[in-house]
Amino acid sequence: MAIRTFVLLVLFLSSMNLSFSLYEDQVGLMDWHQKYIGKVKHAVFHTQKAGRKRVVVSTEHNVIASLDLRHGDIYWRHVLGADDAIDGIDITLGKYVITLSSGGSILRAWNLPDGQLVWESVLKGSKPSKTMLIVPTSFRVDKENLILAFAEGCLHAVSSVDGEIIWRKDFAAESLDVQQVIQAPGEETIHVLGYLESFQFHAYQINSRKGDEIKHVTVDFPGGFSGDTLLVSGDVLVALDATRSILLTIFFQDGEINFRKTQISSLVDDSHGVVEILPSKLADMFALKTNKFLVLARVTDGGKVELVEKIKEAAALSDAISLSESQQAFALVRHENEKLHFVVKPVHDWNMDLLKEAIKIDNHRGRVHKVFINNYIRTDRSHGFRALIVMEDHSLSLIQQGEMVWCREDGLASVIDVTTSELPVEKDGVSVSKVEQNLFEWLKGHILKLKGTLMLASPEDVAAIQKMRLKSSEKSKMTRDHNGFRKLLIVLTGAGKVFALHTGDGRIVWSLLLQSLRKSEKCDYPTGLRIYPWQVPHHHALDENPSVLVVGRCGPSDDAPGLLSFIDAYTGQELNYLVPVHSVVQVIPLPFTDSTEQRLHLLVDANQRAHLYPRSPEALSIFRPEISNIYWYSVEADNGIIRGHVSKGSCSYNEEDEYCFDPKDLWSVVLPAESEKIVAMGTRKINEVVHTQAKVIADQDVMYKYISRNLLFLATTAPKGSGEIGSATPEESWLVVYLIDTITGRILHRMTHQGSQAPVRAVFSENWVVYHYFNLRAHRYEMSVVEIYDQSRADNKDVLKLVVGKHNLTSPVSSYSRPEVIAKSQSYFFTHSVKAITVTSTAKGITSKQLLIGTIGDQVLALDKRYLDPRRTINPTQAEKEEGIIPLTDSLPIIPQSYVTHALKVEGLRGIVTVPAKLESTTLVFTYGVDLFFTRLAPSRTYDSLTEDFSYALLLLTIAALIVAIFVTWIWSERKELQEKWR
Amino acid sequence: MEGDKAWRILRAMVLLLVTASHPHSARAFESDELVLEQEDDLGAIGGGIDPLSPPRSRKRYPDNHAADSDSKIQFPLEHAFGDSDFSPAGTFSARLKTWSHGPQTLTKLRFSRNALTEVDKEKFQKLLQEDDFYRIRLPSNVLSPPGRDYIVSSIKARCLPRDGLDEHFVIHMDGVNILAVNYGSPGACPYPRQLKLPAKWSFNSHTVLKNSEQAPRTPVFTEEVSIGENGEVEVVKPPERSFWAKYWMYAIPLGLIVMNAVTQAMNMPPEEQAGGQSASQPQQGASTAQRGPTAVRRR
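Same order as they appear, the protein sequences are chains A and B.
The opening residue of the first sequence carries number 1 in full-length UniProt numbering; numbering runs sequentially from there.
The opening residue of the second sequence carries number 1 in full-length UniProt numbering; numbering runs sequentially from there.
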């Protein structure tokens with residue numbers, strides 16, 4: 001019996017596969033994938049005697065990548081885990097890239113040409129400390145090349161050939177705070193310098209072969225040290241004393257330590273605020289940063305510190321590179337008046353410029369954050385320089401010979417939130433699209449397609465057809481299309497830049513570095529939080545542009561002042577901004593719009609006061625009559641308290657502000673602190689459309705879905721179960737799920753999963769919620785579904801009653817009525833852990849739904865909602881099978897063909913967004929992480945349109961052939977008739 | 001396999017008799033252990049007295065374990081009219097059972113409401129007129145009121161009046177903690193709410209205590225690759241389809257062609273007819289086909 005069901009299931013699954021899978025030549029037709037790396041932290045050039053010039057970079061998104069210096073393309077790339085931050089990167093032996101990551105505990109070597117992992121060593125230390133990676137610069141392979149890695153209080157010498165740890169020396173036991181590890185080129189001794197309790201300076205000399213201590217010198221410095229040190233030259237170190245007002249120059253030549261103090265005020269007259277030493281390694285020089293200036297100073301041979309230059313504007317310095325034995329140079333980049341001033345100076349002569357260039361750069365890149373330079377020999381034997389520049393918007397660009405060679409928009413690796421906007425309506429005469437194909441080309445294309453269909457096409461033709469399909473101008477037009485496939489994806493990134501991407505091909509339509517999201521006096525640490533559609537014109541679609549709202553705040557905590565910015569979605573202009581305003585913890589779009597079709601929004605601050613936007617008398621007049629019907633809730637996740645609020649009237653703290661409303665507490669749910677901790681929440685999407693409330697089940701019966709917009713799904717676990725998997729035993733961990741009505745605070749459903757624990761990911765749609773968690777008893781991940789049905793409408797089944805009108809289907813629903821609901825639930829095992837979960841959404845909600853699951857492998861899996869049906873039974877009856885109920889299995893199937901990302905990976909996947917297209921069968925899916933991926937999905941196949949490769953030419957040809965055949969047969973019959981008559 | 005099933009049914013029935021309480025437990029598929037676990041507890045709706053639930057089912061102990069001690073406790077219900085302060089409105093009294101294995105639960109919840117004073121009546125009437133909220137609150141911990149915070153719930157006052165003032169409490173408990181209270185009228189409260197004064201100014205209260213339900217267990221199939229009675233793996237072949245079911249798509253055109261040929265052979269002598277027909281038929285076909293693409297392109 002079980003086998004029969006199994007076989008049936010297999011049959012069923014094999015028939016299902018067809019609906020998901022994609023043919024090879026369809027890849028790239030409606031999907032696009034963009035690879036990014038994130039904001040660059042370190043860069044190492046590899047240009048000597050290499051055919052392919054490349055640069056190896058590590059980024060803040062824990063990516064290590066090798067980039068093509070000519071075009072900026074990625075040769076190879078590795079995304080390390082989220083908790084595997086890269087501390088150092090270098091190239092050794094001319095063929096290995098060495099990375100030190102995870103707080104210095106993992107040292108890896110990657111093959112430079114192809115990025116294969118060569119070896120990996122785990123460095124064990126005793127306590128966290130500064131991390132340093134020192135790679136010898138000599139290229140002589142015969143000598144044993146040792147890599148020095150200082151991590152977790154230990155100095156490790158690692159063989160660069162195979163990663164074997166040759167020796168290690170522990171400094172943690174002596175509680176030494178090691179600041180510098182120095183190995184002069186070609187020398188046997190290693191200097192280890194550090195402080196003990198920040199007033200005793202220690203210098204060790206260590207034999208680099210065996211790790212023996214040769215010499216150990218200490219000097220007391222009563223003033224104390226603060227912060228970092230910087231190595232100025234082979235034997236000079238600069239540091240700041242504890243008050244940060246005295247600069248210390250430390251000489252440690254020949255086992256002797258000498259100090260020299262210099263008052264910072266003698267260098268800079270009016271230094272205020274905190275002074276910092278910049279980490280740029282400029283031979284014999286160093287840079288100090290005060291709150292006003294960037295100060296460059298030099299340490300002379302006598303040990304004196306002299307001022308070289310004070311720079312007022314924001315500028316970035318590179319490390320010094322050596323051009324020849326005696327000459328070293330560094331770069332200074334300043335941003336002024338839409339121009340980038342790139343200056344390369346030799347270290348020893350400030351007044352000379354080796355190179356001075358001004359490069360025009362668009363204003364939406366902000367300030368220069370980092371510069372990495374590299375030199376090359378020009379055709380005329382002089383020195384040329386190229387520089388990699390990291391800008392405020394996290395973009396990476398290469399400049400050479402006075403122009404920008406390439407630029408990568410790596411800000412898109414840190415997408416925070418996404419919204420969409422419709423494109424402009426096509427106007428007569430004014431076609432926005434630049435590429436309109438003429439009729440001849442259209443015909444030619446179709447003839448090619450026809451040849452392909454009739455299998456007459458040569459390989460070149462096939463290639464041409466494929467190219468044509470991929471580059472169809474139809475999909476990248478800048479106007480609205482009938483199917484609603486073309487839209488603008490408006491994304492907010494971590495750098496405070498907003499991009500508009502075209503859904504057709506993923507190109508950037510406009511980008512804007514928000515002025516309001518940049519550091520200013522009013523707002524110290526601005527961060528973007530969310531992006532919302534603000535104005536969506538329907539009636540005025542021809543003459544008004546839609547706009548979006550960006551919400552951010554000036555600081556890490558919830559009650560930091562908020563900031564609002566309004567952006568035109570077509571032009572990318574900032575229309576208006578408000579900085580700073582009240583704090584913003586929640587944004588509620590209201591179902592009202594004013595005469596200009598601006599949607600009314602309520603912004604709730606940290607004190608639960610509601611603020612109405614837009615601030616116009618008209619909005620107020622629309623809002624006032626509805627005020628008693630507007631409810632909101634707040635969740636104190638740390639406290640385990642959920643409260644419901646309604647507006648009481650104008651704010652008491654500021655009577656004049658008539659757009660502010662005080663809250664009144666209506667209800668509260670208090671979770672016991674000792675047994676429950678909130679780990680996940682979920683609500684329905686605000687714009688979700690439900691096609692029908694009724695669900696016809698097997699025996700011609702009807703069930704009514706309980707559809708309420710005001711439901712909150714809440715998952716709590718025992719405090720022990722909220723940690724990592726395995727930190728709690730099955731007996732001491734449980735998961736409780738709630739469905740709460742947010743108007744009245746009623747708990748509609750409450751259920752406990754014993755022996756289960758966080759992490760919980762949930763998605764809520766229509767009348768069901770699906771959530772994913774870990775089952776400790778079964779040692780597996782599970783997914784559960786809860787569906788709730790409305791019993792109060794259950795007696796509306798009588799047709800006679802419906803005809804007579806004695807039904808309550810049209811009566812308004814009130815949350816204050818006692819809900820009569822039943823909940824059905826079922827759990828299934830699921831193999832993967834889940835990074836994100838969402839559900840497809842379509843224009844009318846008719847098409848069946850698929851769950852989109854971001855898996856641990858950074859792919860997106862489409863899983864039919866029918867698998868997560870609580871009504872599945874082992875042996876469904878014939879009627880249930882007809883309804884589409886799948887026989888019960890204990891685990892959910894993972895069908896390889898149902899990966900919507902097919903062969904691609906969305907590295908570092910963080911979120912999945914679905915947007916309905918106008919065509920009911922189709923939904924648009926945008927996935928973001930370090931990479932971006934966009935595709936179009938049809939969960940029940942495109943039942944309402946022809947496929948894109950439908951051959952119209954074949955149809956026309958058939959018709960033409962038929963017409964010809966009609967004429968031919970007609971003529972034949974005429975002739976025959978004539979012959980008959982003559983006979 | 002059959003024997004196994006029968007045994008399972010038998011076991012389930014025995015267990016059912018032992019626990020002897022639940023309408024839910026006889027579902028189509030549930031493993032035998034589930035019956036023990038499923039001590040979900042809906043207190044009956046009644047005029048205050050509640051035969052109350054077994055212990056929190058997190059702990060797997062059957063009902064008949066001896067309770068260590070019982071003690072009576074009371075906790076207050078407070079109410080507020082609109083924005084006024086809370087004042088005592090009634091008392092819940094219950095028996096606190098302490099189980100040998102630790103947790104404490106409430107049973108036999110009783111509720112007695114204080115009679116409304118004249119002042120309260122006036123306030124309530126005002127609420128009815130203004131369609132404002134009638135609010136109640138309970139302590140979040142019954143042993144040490146008010147616990148961490150009060151549990152507040154509200155209802156539009158116009159929902160309550162029937163003959164008297166009908167109210168319905170569903171108190172969600174976890175041990176001695178109250179999580180939430182669903183408070184409202186026992187029936188519907190249709191919108192728009194009509195102003196209606198109660199005939200009797202007394203509350204008619206229903207209370208229900210609710211503990212958490214257990215989630216149904218994930219089904220585990222161990223007999224996925226079950227072996228037949230003779231130790232042979234039973235292979236179920238897809239049912240053999242008949243000749244017609246398989247080849248109808250070929251047979252029908254063939255039949256049409258044959259029929260066409262036959263009619264043509266029969267119509268050979270009067271040849272004008274055949275000629276005329278063959279000319280008119282395709283034209284029809286062409287016109288429909290031409291209509292096709294325009295309809296298609298509109299999408």
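It is worth saying that the hints were derived from the structure and are not from the lab.
Keep in mind that the hints are not guaranteed to be accurate.
Claimed, not checked - In silico PhoX-like cross-links for lysine-lysine, where the CA-CA straight-line distance does not exceed 20 Å: (1) A:K918 with A:K685; (2) A:K824 with A:K705; (3) A:K918 with A:K477; (4) A:K881 with A:K918; (5) A:K664 with B:K210; (6) A:K824 with B:K210; (7) A:K705 with A:K695; (8) A:K865 with A:K844; (9) B:K108 with A:K648.
Bear in mind the structure is a predicted one, so any value in this text is a computation, not a measurement.
Structure-based check of each hint:
1. At roughly 18 Å between alpha-carbon atoms, K918 (chain A) and K685 (chain A) fall within 20 Å of each other, so this suggested pair holds.
2. With a C-alpha separation of about 11 Å, the suggested pair K824 (chain A) and K705 (chain A) falls inside the 20 Å cut-off, and the hint holds.
3. Taking the CA atoms of K918 (chain A) and K477 (chain A), the gap is about 17 Å. The hint holds against a cut of 20 Å.
4. Annotation: proposed proximity of K881 (chain A) to K918 (chain A) is violated, straight-line Cα distance about 31 Å (limit 20 Å).
5. The straight-line distance between the Cα atoms of K664 (chain A) and K210 (chain B) is roughly 27 Å, outside the 20 Å bound, and the hint therefore fails.
6. Taking the CA atoms of K824 (chain A) and K210 (chain B), the gap is about 18 Å. The hint holds against a cut of 20 Å.
7. Proposed proximity of K705 (chain A) and K695 (chain A) is supported: the alpha carbons are some 7 Å apart, at most 20 Å.
8. Restraint check for K865 (chain A) and K844 (chain A): satisfied, since their Cα atoms lie roughly 17 Å apart, inside the 20 Å limit.
9. The straight-line distance between the Cα atoms of K108 (chain B) and K648 (chain A) is roughly 39 Å, outside the 20 Å bound, and the hint therefore fails.
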